[in-house]
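**Q** Please construct the entire structure, taking both the sequences and the accompanying hints into account.
Protein chains: 2
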Amino acid sequence: MKNITIKDVANKAGVSVGSVSKVLNNKGYVSKETREKVEMAIEALNYQVNAAARSLKASRTKKVGMLVSYISNPYLMSIAKTIEDSLRELGCHLLLMSHNEDEATERELLQLIMEQRVEALVLIPTGGNREMVQTVINQKIPVLLVDKKVEGVSTDLIVDDNYYGSYESIKYLSSLGHSRIGVIYGVTKNSVGKERLDGALDAIKDLGCSLDESLIRPGEFDSEKAYKSATELLLLPNPPTAIYCCNNTMTTGLIKAINDRGIKIPDDISIITFGDASQWELLQPPLTLMTQPLKRIGVEAAILLKNRLIMNEEYLPKQLIIKPELQIRSSCASPKVEVRD
Amino acid sequence: MKNITIKDVANKAGVSVGSVSKVLNNKGYVSKETREKVEMAIEALNYQVNAAARSLKASRTKKVGMLVSYISNPYLMSIAKTIEDSLRELGCHLLLMSHNEDEATERELLQLIMEQRVEALVLIPTGGNREMVQTVINQKIPVLLVDKKVEGVSTDLIVDDNYYGSYESIKYLSSLGHSRIGVIYGVTKNSVGKERLDGALDAIKDLGCSLDESLIRPGEFDSEKAYKSATELLLLPNPPTAIYCCNNTMTTGLIKAINDRGIKIPDDISIITFGDASQWELLQPPLTLMTQPLKRIGVEAAILLKNRLIMNEEYLPKQLIIKPELQIRSSCASPKVEVRD
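Each protein sequence line maps, in turn, to chains A and B.
Counting from 1, one number per residue, gives the positions in the first sequence under my numbering.
Counting from 1001, one number per residue, gives the positions in the second sequence under my numbering.
Quick caveat, the hints were computed from the structure, so don't treat them as lab data.
Note that CB positions come from ideal geometry on N, CA and C, so glycine has one too.
What you were told as hints is all true, and nothing was included just to trick you.
Just so you have them, the derived chain B footprint on chain A, three or more residues with Cβ under 8 Å:
#: 1; region: 77-88
#: 2; region: 104-118
#: 3; region: 251-258
**A** And the structure:
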């Protein structure tokens, strides 16, 4: 394929190269008519990628930093991969680092990232280090926060609607007839963990489910801790007929606990998890889940990043809150016997 | 815990700080007696980590690069995580990048890595770019190759014994009475893929199994391609009684193909895979596999790296070939009917 240049766009639009440049960079005056001609030519020639590469040429370091909590987390690595693929189209490489949810490490790495002269930073934050994150932004390095906010920092952001996902999960179980619903929740000092727990608790209250506190147990986003809490739930004198688990890692522990006790899903108990579908592909019975559109999160993140890299002008931070989707499989069924509280 | 210093070691050993330094850096003359005293003091105080950090202090950039094929590969990310944890003890951060098995990308990233002034590089190579890898080594950046060799480059290396693992997998199936064994193999221009196929083919010949070529099919280390080849195997007029699959990604496709046709493991067909165990944790029936000791690979890699970072003297490259282990679960059984070729 021929490499489309700004000159081709100008020819196609019947305007000067200077006018195309003005439109691309959103700088200087062009008439509405000229702008439309240029935009149509850009679309007809599918010019955006080359335009991006071109406008970036001057001060490229070709590096975008990405700082995640854990490189061993397949959910985050899937998002990272989509972002990386997209950045490669702009000739950029992704430099990946991890802070392991440790604020001191995050601080050191943010320092290191500033020294690297990256063109942008994608950050899955610990939630701390507000001032340091602000310092990065002040140095004119675009920062995109993914998965979690940093309180008091205003920048581009993509997060799940965690509250909604939890609320809807409980609502679905309730619609099947469950009223004694167990919840295994994550780390609540973390905004993701807190929002997911809040959504579940509010739904339990709103929908008139059992308010028995022994049904709500911590799993700390950890498989073994979830195994322990799940076992406790299953051993209750009056156990739940359904369990909602706030992430995939904990759900691994939950399923092990259920298997170890010879309990059948969904005949004896229904389960639903908040998380990505790909890791459950071969599980029998297939798992019902509230799933994050991972591909979409990666794609949206890449678009936000590209815009920051391409545009010369500053614009207000964009914040995307992405709603997870209920994916109904066969791990949930109506309870066999209505258990009264 | 009190921070142990070089002075504490000197006091404990009853020698000068200079003598301890000589022992630590393996430089200059110290008597055998002094060396022993220092080594005992180091052991008694458990001093190694601080010593490492100390001897590195002078010219630290605190960065170690790691260049992998895919950041979305859980096997590689698990190794990376172990290496990262170990490097953190030396105050080093891991910078992760990926080349997606593309030699041009690998070349660009090797260039970028040299500019970064990393203290060392862990490389899962594409197998190409021999000269460029040699250039990195010539720049006195220690390079550790993991998973794959680069022909003609002499440096520290950790690889699986792929040939052995495949050979032993077939041997195990043969010992159960299988003689029509299907094989789904990976990309053979890649040394890992080639060694695994060779091991399987040699075992099939040596052990007198069926040499029917229609039993040996490509999966290109890809789930969908393996699904296709697995389906073809299952539809043969005289299908195999067992299938050996050369990696986990392809095994996902194999299991889907088996499930989609309603065939039972291990009653109707036995399967065995070469790969890490962790991703099969919840699979029923549990999968028999030839498994890489991932933790050990990560730990050994970290030791090799640490030695390069700490030692001031050069030494000959170390090459570790790690044997995978057969982990017997219930996805293999003796064939119901002896099928003759």
